[in-house]
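The listed protein sequences derive, respectively, from chains R and S. Counted from 1, the first sequence has number 392 at position 392 by this note's numbering; the numbering is strictly sequential. Counted from 1, the second sequence has number 75 at position 75 by this note's numbering; the numbering is strictly sequential.
Some clues are possibly wrong.
[What the hints assert, rightly or not] Under the rule of at most 30 Å between Cα atoms (straight-line distance), these lysine-lysine pairs were calculated in the DSS-like manner:
no. : chain 1 : residue 1 : chain 2 : residue 2
1   : R       : K272      : S       : K272
2   : R       : K272      : S       : K374
3   : S       : K374      : R       : K374
4   : R       : K130      : S       : K149
5   : S       : K272      : R       : K149
What the hints contain is simulated information worked out from the structure, not anything from laboratory work.
Below, each chain spelled out in residue letters.
Number of protein chains: 2
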Amino acid sequence: MAGFTTYDSDTLRSLHRKLLLEYEGFKQKNLKLDMSRGKPCPEQLDLTDGLLSCLNGDYLAEDGTDCRNYGGVEGLPEARRLFASCLGVQPEEIIVSGNSSLALMHDLIARAMLFGVDDQERPWGEGPVKFLCPCPGYDRHFALCELFKIEMIPVPMRDDGPAIDQIEELVAHDPSIKGIWCVPMYSNPTGVTYSDEVVTRLATMKTKATDFRIFWDNAYALHHLTDQPDRLLNILEVCREANNPDRVYIFSSTSKISYAGAGVAMVASSVKNIRRLARLMSLQTIGPNKLNQLCHVRFFKDLENIHAHMKKHAAILRPKFQLVQDILQRELGDKKIATWTKPRGGYFISLNTLEGCAKKVVQLAAEAGVIFTKAGATFPYGYDPLDQNIRIAPTYPPLHELKTAMELFSLCVQLASIEKILMDRAAETITLSSVQTAKTG
Amino acid sequence: MAGFTTYDSDTLRSLHRKLLLEYEGFKQKNLKLDMSRGKPCPEQLDLTDGLLSCLNGDYLAEDGTDCRNYGGVEGLPEARRLFASCLGVQPEEIIVSGNSSLALMHDLIARAMLFGVDDQERPWGEGPVKFLCPCPGYDRHFALCELFKIEMIPVPMRDDGPAIDQIEELVAHDPSIKGIWCVPMYSNPTGVTYSDEVVTRLATMKTKATDFRIFWDNAYALHHLTDQPDRLLNILEVCREANNPDRVYIFSSTSKISYAGAGVAMVASSVKNIRRLARLMSLQTIGPNKLNQLCHVRFFKDLENIHAHMKKHAAILRPKFQLVQDILQRELGDKKIATWTKPRGGYFISLNTLEGCAKKVVQLAAEAGVIFTKAGATFPYGYDPLDQNIRIAPTYPPLHELKTAMELFSLCVQLASIEKILMDRAAETITLSSVQTAKTG
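Assemble the whole structure, with the sequences as input and the hints as a guide.
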C-alpha cells in the first residue's frame, strides 16, 4: 500500500480528526502505565522463588568460607565458576560482585580516570577522553560518559553491529578515543547481535590509544526469545589471539535472570586485568555479598539449569513481544510512517518514526498516561539528530495493559506523522509562495 | 613492682632463656590462628539465623515497591527509618545502600576527587589534598588515602578523642586539609569514645578549606560490651547548630550486627549532601539490594530489638575481652613493658609495647603460628614512629584458642622487651666506652 505521505491533505486532516477522537477516548481512561524501562515483570521474578531460602542454614562455600563473614573480593569460587561458564571465560578471568553491573562499569571508569586502566598507562583524567557510542544505544552508558566528562562520538548501529569501518578509522587516528560501549547481543535497543566479523574487527583493529578498552555489556547473553538463539563470538578469546589480551571488559549480571534489584553482577577480562581490578577493589570493599552469591549458586546449580530457567522467562516474554509486533503491524504496517525491529532476544524493540516525530509521539502518549522512554534517550546527550528513535520496553506490563499502551502508541505515531506531513506541506507551500512572491514582486 | 627495666642483665638473660624454651614449646604446637582482623565469630553470626528466610514470599515494601525489581537508590523507606533511628538522624538524612560502608567511603572520596563534595566547590583532585589521621587508627582508612594520593597528617589519639588543639590549629591554616578520619565511638583500635567537647570542637572549628569534611565512621555505634554504654554526641546536630550543616558524613553498617559479609551499609549527612549523593549514586547503580534491606527490617523490626540483639553479641564477646585483659594483666601486669586499653565496646584492644618492640612481637607470634594485625598498620603509611602499637582483635577465635594466642603473645612481648632492654644496655656500654676511649685517647 502507498502510505500516509501519498494521501492528499484533506484526507489526512479528516483522518487526523478521527484519530484525535480515539485519542481523547484513551485520555478518558485515565491510564497510568510505565513502559520506559526494561524491567522484568512480577511473573518473571516469581520464577526465582525460593532463592533466598535455599541455604537451609548451610552458609559454607565449597572452600569452607563462611559466606556470612568478611572476605573474598573476587567472589566465591563456585560463583566464579558458574558465571564464567555463562560467559565462556575461565573462573580466574571473572570477578563476581554485588548486585549491579552498572556499578562495575561506573567504578571501572572512575578508576580509569584516576589511576588509568593499566599500571603502565597514565590516568585517563589527565587528558581528553572520548568514547565511541553506537546508537541508538543504552542511555545509562551515555549518562556515565556525561558524568565523567567523556566526549561521546556517535557511531551508527547497523544490522550486524556498529559501523565498523567508521570505528576502525576513528580509533586508528585519535589517541584520545579510549573506549567504546557495546551491548553485543540482543543490543539495547535494536536487538542486533554483533556479527563474527564485527566482533573480530573490534578485537583486532589497530588503535592509536594503547589503553583503548571495549566495554562489552553482555547484559542479554542468555536472554533468548526463540529456540534458535543468536550466537556471539567470544571476544575475550579473539582479543587474546589478536595479541590484544587486555582490550575488553565484559559485564553481565543476573538482574534479568534472578532478581533485577537483588541479583549478582560480574566483570570478566584477562587475568592481568582481573588481578589489577581485584587489587583495587580490595581497597574499596572487604568483599561482596557472598550469601547472595551462594544462594544463586545453590539455586541455579549449573549453566544447563540457567538455560532451562531462561526458557521460562522467554515463555513469559514471547507473547508480549509478539503482541507489540502484531499491534504495530496491524496499526502501522501499511502506512509507511514507522519501521521497527523484530528482536530474537533481549528486552527492547526499537522503532523509528518519520524524521522529527519521536518527541511528539512520546509526549502525546505521556499526556494520555503512558510513559515511554524519553525520545532522544537512545542517543548521546539525549539528542537524536533525526528525532525519530523510540525504545519500546514490553516486558513489565501485563498483556492487557501492553495492548492498551501499544494501541495508544500506534495512534500517537499516526497523529504525529500526519501533523508532520501536513506541516511539511504547509512549509513547502509557504516557501513556494514566497518564491512566487519574489518572482512577481 | 619494679618491672623488667630494673632487672640486672644476667637476670634478664636467664629469664630470656627460660621464656625462649616456653616459646619453642608453643612452636611445637603448630598453631594456625588468625587474630589480625575484627571479624565476628560464627556464634555471633548464628544470632541472625533466619534473616534470609524471613520474607515468606512477601517481597513488597511498605510503599508497595517490589524489592525484587529495580529502583530505590536511597534505600527502602522502612530501612532508612530504622537505620536513621540507630544513628539519631532523620530518614531523609540517610542513604541505605549495599553491604559495605567502606565502599561508601571509597566512592565518596573518588567522587570528591573527580567532582568535589559540593556543586559550588572544585574537585579535590585539582590540588593537593591532605587528611588528618588520628592514630593509632584504622588501616583501611589510611589505605584509602594512599590509594587516592591524599597526604596523611597523623594526629595523636587521647583518652577523649584525637588531639583537638592540634587539629584546630592545622585546619585553621591549611586549605589543602580537606578531611579527617574519625571512629568516634569505641574507636578502632583504642576503644575511646570521643568526648562531648571534642565532638563539639570538631563540628564548630574554623577550617581554612570551605569544603572540609569529617568522615565519621560510626562502625561501633551500638556495639557496647557493658551495661553502661558510652554516649556519643550527635555530631550532625552539632554541625547544624554550628552553621556547618554539610561538614560531616556519618558511616555505619550492620556488618557486626547481622552479617559481616552480607549486611547493610549506610551514610548519613545533611539533606543537601544526601540529595547530591543520591543523584550521583543514581548514575552508578539503579539501586541497592533491597531484598536484603527488607530482610533486615523484617528481622530486626525496630531499634529496641536491635539493642536487645546487640546484648546477645556482647554476651558472646565479653568473656573474650575479659580473657585478654586477664592474661595481659597476669603475664604483663607488673613488668612495666606494656600498656593496653580496656574498651567498653567495639572490636579491639590496643596495646603499646616498649618503644621499638611491636614489629618484633608480631613477627615472633607469626613464627609460632599466630597472626596479629601487622605492626604499624594502625598508623598512616604503615609506619608507627615508635614501633610500639599492636591491635588485638579478640572477637573471632574461640576462647581456648584466644587463651593460647594471648599467652603466646604475652610471651612474645616479654621476649622482645628483654631483647630490647639488653640491646639498649649494650648500645649504652659501647657509647660509654667510646666516650671513655675518646677521653683517654
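Going down the list of hints, with the structure as the test:
Only pairs whose Cα atoms come within 30 Å are accepted, and R:K272 paired with S:K272 is rejected, the gap being roughly 41 Å. Between the alpha carbons of R:K272 and S:K374 the distance comes to roughly 27 Å, so the proposed pair stays at or under 30 Å and holds. A distance of roughly 54 Å separates the Cα atoms of S:K374 and R:K374; the hinted pair therefore is violated under the 30 Å criterion. For the suggested pair R:K130 and S:K149, the alpha carbons sit about 25 Å apart, so the restraint of at most 30 Å is met.
Of the pairs offered as hints, the one joining S:K272 and R:K149 holds, with about 23 Å between alpha carbons and a cut-off of 30 Å not exceeded.
The structure is inconsistent with the numbered hints 1 and 3, although it conforms to all the rest.
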